[in-house]
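Q: Letter by letter, the chains look like this.
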Amino acid sequence: MAAHSGCGGIALPRPEGNYGEMTIALPARTERRGFGIDVSKPVLYGFAVILCLLIVLPLSWLLLYSVTDAKGAFTLNNFYRLFTESSFYDPLVTTFILATSSAFICCAVAAPMGWLVARTDLPFSAIIRALVTASFVTPPFLGAIAWELLAAPNSGLLNKIARDWFGMAPDQHLFNIYTLPGIIFVISCYTFPYVFVLVANSLDRTPGELEDASSILGGGRWYTARRVTIPLVLPALLAGALVAFLQAMTLFGSPAILALPAGFHTMTTKIWSLFQFPPKPELAAAASLPLLVLTVILLRAEHMILGRRGYSVVGGKYGAPRLIPLHRWRWPAFALCLFVLLNPVFLPYAALFNAAFSPVASTFLTVHNFTLHNVNFVLFELSAASLALKNTVILGTATATIGTAIALVIAYVTARQAVTGWRALGFLATAPIAVPGIVLGVGLFLSYTRPPFVLYGTLWILLIAFVTIALPSAYQQLQAAFRTIHPELEDASRILGATRLRSLWQITAPLLRTGVIATWCFIFVGVMRELSAAIILFTSETKVVSVLIYDLNESGDLGAISVIGLGMLLITFAVVIAVNRIPGFGNVRFRT
Amino acid sequence: MRDSRISRRDVLIGSSALAAGTAFSTKVMSAAPPASAITPQLIEAAKKEGKVVWYTSVDLPLAEKIAKSFEAKFPGVTARVERTGAERVFQRIGQEYGSNIHAVDVANSSDAAHFIVWKKQGLLEAYVPEDVAKFYPTEHKDPDGMFASFRVWVCIIAYNTNLVKSEEAPKSFADLLDPKWKGKIVKAHPGYSGTIMTATYQMQRDLGWGFFEKLAAQNIMQVQSSADPPKRLALGERAVMADGNEYNIFQISEKGGPVAPVYATEGSPLIVGPTGMFKAAPNPNAAKLFTAYSFTPECQQLIIDVGGLRSMHPDTKEKPGRTPFKQIKVMKDDPAAVEKMSDEIKQHYVKIFHV
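For the record, the sequence lines run as chains A and B.
When the letters of the first sequence are read in order and numbered with the numbering used here, they come out as residues 752 to 1343.
When the letters of the second sequence are read in order and numbered with the numbering used here, they come out as residues 44 to 398.
Watch out, some of these pointers could steer you wrong.
Quick list of the computed label-pair ranges, beta carbon to beta carbon [as the list claims (entries may be wrong)]: (1) B:K162 / A:F1324: 32 to 42 Å; (2) A:L1089 / B:K360: 25 to 35 Å; (3) B:K116 / A:V844: 50 to 60 Å; (4) B:R248 / A:A821: 51 to 61 Å; (5) A:W916 / B:N143: 51 to 61 Å; (6) A:V1170 / B:I395: 49 to 59 Å; (7) B:K360 / A:T1148: 49 to 59 Å; (8) B:I395 / A:P1083: 46 to 56 Å; (9) B:Q84 / A:G797: 52 to 62 Å; (10) A:S811 / B:K369: 21 to 31 Å; (11) A:S811 / B:E387: 27 to 37 Å; (12) A:S811 / B:G141: 45 to 55 Å.
To be clear, the hints were calculated from the coordinates, so they are not data collected in a lab.
The structure presented is a predicted model; accordingly, all values stated were derived computationally and were not measured.
Ideal placement from N, C-alpha and C gives every residue a C-beta, glycine not left out.
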């Protein structure tokens, strides 16, 4: 994602406050004389208002509901029930175990892999990156369904193979996906790309000169890693752990598919069950607040651990990172990466392929039993499919475009501290990460089903939900991109008389190009993956593919799901490749 | 069978209603509108609207087949199926109508209690297709002409024939509590499925909640739709299903799948799935056409032959090889009681099964 240019250049750990002061200290008034009116301020404040509408409105409704009873009177009884009834605190404990374990596993797997790919002469590292991208674009709920096909205790394909190989009894099994460890495993499969990408990108951006300097001064390889490389990557790793934790905590699809058959709830499925008929939104609102509080605490903790350290690593020019030779460990390392990727990519897609073309999902596909029955059903009989597909593509494109635009502006404002109150803007843009999609869905439902904003039943309400959900990660990605571009480049342009917008357009935008495209694709993929808010907000006319798949799963139509899932992957890749080929954007590799 | 007492009002209603007079009392007849045939004018008007949206809880592949057969019969009118569990259909329509969104034309639910609620709320259109008026027994149509029994079936026990020998298969609900079935049973959810909601009502009434408490101790696999347990059996994921659709078992076993039905000695819960159209239907003529088509012998024979369902239309034939409906011992259905108890049933169920 980093902008590549020649060699040379420096990277210095730098207190965050410094460059901000420099920007603010510029003589702002001279601009008006030079190039007419600087419209940046009104634009920036406009975005602040949009953010408030997007986030504050639904959250206010949620807060209000959490302290009211069914009749609308003030009460704290919802919270009392939350912490005294085992049907509430059991899921809370389960969720905590789930999220912690997933975050730990993700870091343990993704960090070494990220290092291997970015910093060593690992063979085919581009293929490894592409495969991680493939696991990222796989919706977690689809992965969960695929793992049902693979590791359900009796009908799972892996268990069938195990019985064949090890001569186990018909009712014995090797794997059982309908357990807490099973769910942790599946969630980790589709969360580790977040950590991988953050670590690998951070290593990509870290110039080799610092490490060179360390070794020239006599530091051994291990010493250099400990004192230079690891501290430089630590912010990314911590951010990765945090994202993994929050993902695992707020995920709805995978636990709904795997935990409910096993007879237990996580927080998200519990909240969802509270919206089933007869809905109890006040209890659900209260149940979502612990998740919100926990997230805020974690974000604060991350901030405290990282302290005031920030790194500007793209000044003007910098050198490509030096690759560490693995020698005889090259191929074992490659094999290890492939083994890890077996779990989120090869096995699940093999299972989906098998289910798509075999007569029964748990039967192994052969030349003799090959059938197009499921393809036929999805293409010619499933009457909801074409509408859902159309809605999904429209929403994906619109959300990605609008979301990237908003995130870009906010990231700029906070990275350059361009308006007073930028901290609040940054907080608002990050806040939705603390709100499980399903809870946001209900907040939006409460906000937009009554006048003056009646948006329920239209694609608009889904667009708002998806933009809000996409905002935190889009904002963080772009903010990270901004942080690596030193403001001195903009400052130079402004000293020479350009307005802020002109410097943005001519200096910053070209440097950010890759980051913007990556963010666009990231959001588009996110819309394909999104289920938890959509499941509250859809109507029959505004159904999306993820909801369709979830519907099909609840009635056990696994063959149809497999066909749609494979089709979804094709569409996603087609869109991502097409966007990367848009003329003017240049030919940029997409790294998640 | 025509009623001998003909009131003045009946005469005013017109000859078609009179022709339709089967076993009605005059009082009942006075509320329902006259029977409507499928006329060329209706077909023409439906074609102008071009589509019909059908909310249903029928198992999806079957629902799509019904829609396709409608489209084949009336080219120019497409039928879109919105399929989910009956309890979700109910929630969905409630949520949409609460926000003034009128997307549903025709609904079919596996929880007959929903039609009691919709009728009370004044959402249903009184529309009596000719077939319903002429052929359907009184207990299978609304006296005010707002809905009739599109499909009837039972919620049954079944087993995977590869995993269980027929002589070892459970014969009754009580048999399911045998420790040998621990970890081998799959069952569906009354919070999702209207079939299971209706069945759970009848079973707790006849067998008591104690049965469910003991069943929960068997480590059951909990799925959502009543169409899913038969499919899990076919996969070989579980050996026995404690509840689920008889019609899915027929569909699978007649295609060679390794499943077989069991009609419990205590009686199998009887499920009735009515169809009715909505007053505020966005495509009112197509809605009428679809509703009328639903009750024709043609469509009813289709749901028997392809779907494995039972029909109340006397002009249909049961498929050989299936246990005739009359020979099955069923529990008594009582939609009015289900309507009163549905929240209580869901809560009690969650308490026992945790999800």
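Q: Which numbered hints does this structure break?
A: Violated hints: 1, 2, 4, 10, 12; rest satisfied.
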